Structures are given as structure tokens and as C-alpha cells.
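J.: Assemble chain B onto chain A, guided by the hints.
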Amino acid sequence: MTEQSTEILYLPNARYTWGGDEFLFVEFDEAMNLTANYLATTVAHGLEQLDLPGVVDVCPANASLLVRFDPDVLGGEELRRRVQELEAQARTATQHTVETRIVEVPVWYQDPYTAEVVQRFREGYHQDPSGTDLDYAAKVNGLEDAAEFIRRHHESPWLVSMVGFVAGLPFMYQLVPRARQLEVPKYLSPRTDTPPLTVGHGGCFACIYSVRGAGGYQMFGVAAAPIYDPGQELPDFEDFLILFRPGDIVKFRPVDEAEYRAVQEQVEAGTWRYKQAPVTFDVEAALADPATYNRTLLEALDGAEN
Amino acid sequence: MALRTEQPGLLTTVQDQGRIGYYNVGIPQGGAMDQESAQTANKLVGNTAAEAVLECTYMGPAFTVDAPTTIAVAGAQVPVLVNGQEQPPWTRLELAEGDAVTFGVLRGGARFYLAVRGGVDVPEVLGSRSTYAIGRLGGMGGRKLEAGDVVPVGCPTGELPAVTELPESLRPALGGAQELRIVWGLYDHLLTEEGRRRLVEEEWRLTPVADRMGLRYEGPGVEWIQREQPFGAGSDPSNIVDAGYAVGSIQVPGGTQPIVLHRDAVSGGGYAMVGTVISADMDLLARATPGTVTRFRAVPMEEALRARRERAARLQEIWAL
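So the protein sequences, as listed, match chains A and B. Those letters in the first sequence? Residues 61 to 366, per the working numbering, in order. Those letters in the second sequence? Residues 413 to 733, per the working numbering, in order.
Be careful, since some hints might not be right.
Stated by the list, open to error - These stretches of chain A come out as covered by chain B in the derived footprint (C-beta under 8 Å, 3 or more residues): (1) 82 to 91; (2) 127 to 139; (3) 171 to 184; (4) 220 to 227; (5) 336 to 348.
Just so you know, these hints were derived from the structure itself, not from any lab. All values reported here derive from a predicted model rather than from experimental measurement. Every residue gets a Cβ at the ideal spot worked out from N, C-alpha and C, and that includes glycine.
The shape of chain A in the complex, shown without the other chains:
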């Protein structure tokens, strides 16, 4: 049966504000949703295309856009005017599509690496020190057990809605209606340690920790291959040391220990490549009928060469 969404594409009025004398901030919506993310990505792309002297960094986020500029070269008011024009263009467009790709990310759920760190940060850090992060996530989402949570986590694709925090860390938003979003609180107090490539979750967002360090998201598993390669040793990183871009679509694929080790061997040998395929992401179609639309996305991935 097709699952109809209650959400539709809408184009809210953005809120413009300043971060001191060097940052323009545009909030497309207070709440997380696909439309606001589409606007952030689209306006960011348009601004990059303009290549305005004085624009230093264009940082699209989940539902907002941060632009760093040099006020000695480009006045803030002039920048705001240009961004507002781009916003108006995005609002009046008749098609709302983004040219992007779908990438398959193998994940070893319930792995021993994150399990060890989960055990180290219970009392004083976690809402439910008696169980694991996965048990807790299943419970707060009203699911039967960890296995059901894991299934829900990888059965539908995710949109990379923002890249940042630390180098190359993707925030991901699951392409399902709001009622089916997996939501989990962040840790009560952030951990001082998170294994690299941990697949985490906080609020409605999944993330993959690109590097070892502090973190507050619940930990579910570990991705098998790097998403940040400062030495640019793997072929997927030939052009740039960071894998993900806002607008990328991610499909998690559960793997067991044997397959995890096999991927690691390919990484070691320098031969690992992510399975991926180009797709045109259509926001209206995704919102109108997520289940059907997700199947088209996954078909594109199935047809990809590994």
C-alpha cells in the first residue's frame, strides 16, 4: 500500500539576520522539513554560481543558510539583496529538483567498538543507563526492540541536509513523513569520546562522526569505510578529502562482521569505492508519495556499478 504524506511543498518567508559584521544568516524555517532544506541548498548553489567577490563561505544547513563575507569588499546590504533575489527565484520556480547522487553506506549495527564506548558513558551521561543506546532508541520510538529500530533506520534513504560540525560530518534527514521520523534525544551530557565513523542520532537527525572526538548523539553502529580522508588515498577522495555534499542521498546497508572486515581490507588496500548513482531529487514528488519515490531512488542505486 502506498503511504501518502500529509506534508506538501510550501515556501515560507525566510528570516534574515546578521552574525556580527562578517556573517549573513537566513533561516528558511524554524522547524526541520524538506522544503526549508531545499531552499537552503538551492539558494546556496545559486550564490556559489554568482561567484560574487567578497563572498567567503556559503554554508547551507538543515533549514538555514550561513554566508560569510568580507564587508570591506561586499557590503552586507548588497549581499542580502542578492540572496533575497535568489530566494525569490527559488520560490517562484515551477520545478523543485536538485541534481544529486545516491550513495550506499555499509554499516555494522551493534558493533563492539561503539558498544564499548556506550558502556563507558552511562551514569551521568545517558537517560537510561541500564540499557544500550539502541534499546533506548527503540523504546522512545515505541518500537518492539533494537532489531526493529535498526530495520527502520536502514530501510528508507536519508538526505544529507547539512555538512559540518567537524570536517565532513553529514547530518542526515530520513525521507519519510514526519509521523514516521525516528526521533531520539541527545545524551544528557556530551561524551568526551566517540569512535570514528560512529553512526549517531540526535533529534530527527542521523550523522556519521567523521573523526574521533566529543559527541552527544546516540550511538547505533559504525560505518565500514571512511567519509573523510585527509591523505586523499582512496579513489573516492581523489578530488576532495570529504565525501559528502549537502543534497546527497544516503542508503545505509547493514553488514555483519565478516563483511565489515572485507570492506576494511579494501580500504587498507586502497581499492574501496562507494557504490553510488546519479539521481535528480524531486522535492514535490518525495513529499507527495514518499514510499513510491524512495523506491525509485533505490532502483537507481540498484542499477549502479559497484
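T.: The following block gives chain B in isolation, referenced to the frame of chain A:
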């Protein structure tokens, strides 16, 4: 030519003017936190403003030089000793092969900058030599200095300036209370009137939690408006749907301790920013030590831009020496 590190100091890193243009993928701008002091040190040894220097935090390194070398130290008040003899601060120093440089105990400020004629010559990564430790990029193998490190020095490109010492009038005042000018904005509307008042009218004190990522203050706390949180933002009224962080912006997780983000801050996250320290006052922040009594003063954008021009003029004056 190189500096041979005997002791690394507490936190000594290679920094330049920063890595601009990769914030959109989570790589912070980095660079010397006190740009004015770093540039002054470069000026005194005849470098360009863009050369990499060593940023030394609280406790300096100890090193010897393997060839005649010209150095200058600027920033925090620290005794500079060459073969045990104290040298004048903010002054160009000529070292002979085998000379040993050590530093005494800081008397004011938090960070000082060691420039060496020719610049610290580590490879550029993404257009900068700055150390980004979490991402293992830049500097000495992407990390802070360690004992035994041999810090490479480049070839001089410019003439030595006539000036050998920075005039007293151009040296920053160190220690004492600070006033940091901020521009309201970003998510300040999520604070109550009283919360906004407290931020800019009460006194705040810098805690020991102050590093290249951010500086945390204690004080009377602020108040958030109670509201139903938007979807995806998280349950605390200080939470927002994760967004990009402006450098210099102030966040107040839970409403208790304001944190001012500095040059190595994470590029985004889920805490509301309620204002931003103006670009002209970011060097001042870098000089604050724990306990520093601080007032945040809200200024209109015109004043932020005027302060920016004044700072540029002061730097120009230093470069014109």
C-alpha cells in the same frame, strides 16, 4: 634551517591567517587567534603577514636553532630567554647557530607568537599552514608541537624592516577587565527581555574552559522564552534545528554559561546563537585569561564596521613602520 624542539610547551601550534573557504564542509578557519600580535611578530622579522608563526599558549616551548636565525616574539607578556639571558619583548632578536630559546612564566595575556624570518615552512594544506588538530590537517602533521619536532624554516623573501622594536604606543594593553562589543542577531529573539538585559548589562567572568574552539563565561545566566519547540530542534529552549555557527557568536547552552566561539569552533550545531562579537574584538578575546571580568556591549552594525576600519588602520600603521 630549523628549530629543534626540546620542550613543546603546553599547546604550541603552527598558525597563519587561516584556512578560508572550507567552513561549508566543517573545516574551521583556524589561524592565529590574536592576529594582530601574530602579524606584529611577522613584521619585525621582515615576513609578510601571511607567513606561518608558532602560537604558544600559556607555557612556551624550548628550542635550539641549527643556523643563524632571526626571530621576534609578540603577544602575551612573557620573558624571552636566549641561552638563559632575558631579552626585550616585541623586539627582533638575532640568534647564532646552537642558541637555545626558552620562555619564562606569563605575566599577562594568554597567547604569544613566535615569528621566524622566512616563516614556519610546513606544507600548505587547502591553502593554509594552520593546524586543524581534530581533522589531522596542516601544521606539524596535523597536531600540536611535540618534543623532538624539527620545525622547518623557509627562505626569507623580504627585506628586514628598519624598525627592530614595536613602539609602546602600538602594543595592546593586557590584563584587567574586558569589554567585548557584540551585534545582536541570529536567535536573540529566543531570549526574554530580562535575558537580553543580563547578557549586556551584567558582569561575566571567563572560566578555565577557554581554548581555540571557544571561551566559556560564568555569570548570572540568561532566560529563554518558553515555547513549544519546533520539530527537529530538541527539547531545551536553547536548542535550534542544527545550523551554521558564525565565528564569534555567543551561545548559551541551557541558559547558564555563555560560550563565545573562536577560530577552531565547530562549524555548526544545535545551540541558539544570540549575538556575535564584532570582528575587531576577536583578538581581544584571544588575550583573555580565566577570571577576566567581561562585559558584552551591544553596538549597532555601523559601530562594528567603524571598529573594523580602525583595526585595519592600526594594522596598517604597524606594517608601515
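J.: Compare the structure with each hint and give your call.
T.: So, going through the hints one by one against the coordinates:
no.: 1; hint: 82 to 91; verdict: holds (count 7)
no.: 2; hint: 127 to 139; verdict: holds (count 4)
no.: 3; hint: 171 to 184; verdict: violated (count 0)
no.: 4; hint: 220 to 227; verdict: holds (count 6)
no.: 5; hint: 336 to 348; verdict: violated (count 0)
In summary, the numbered hints that this structure violates are 3 and 5.
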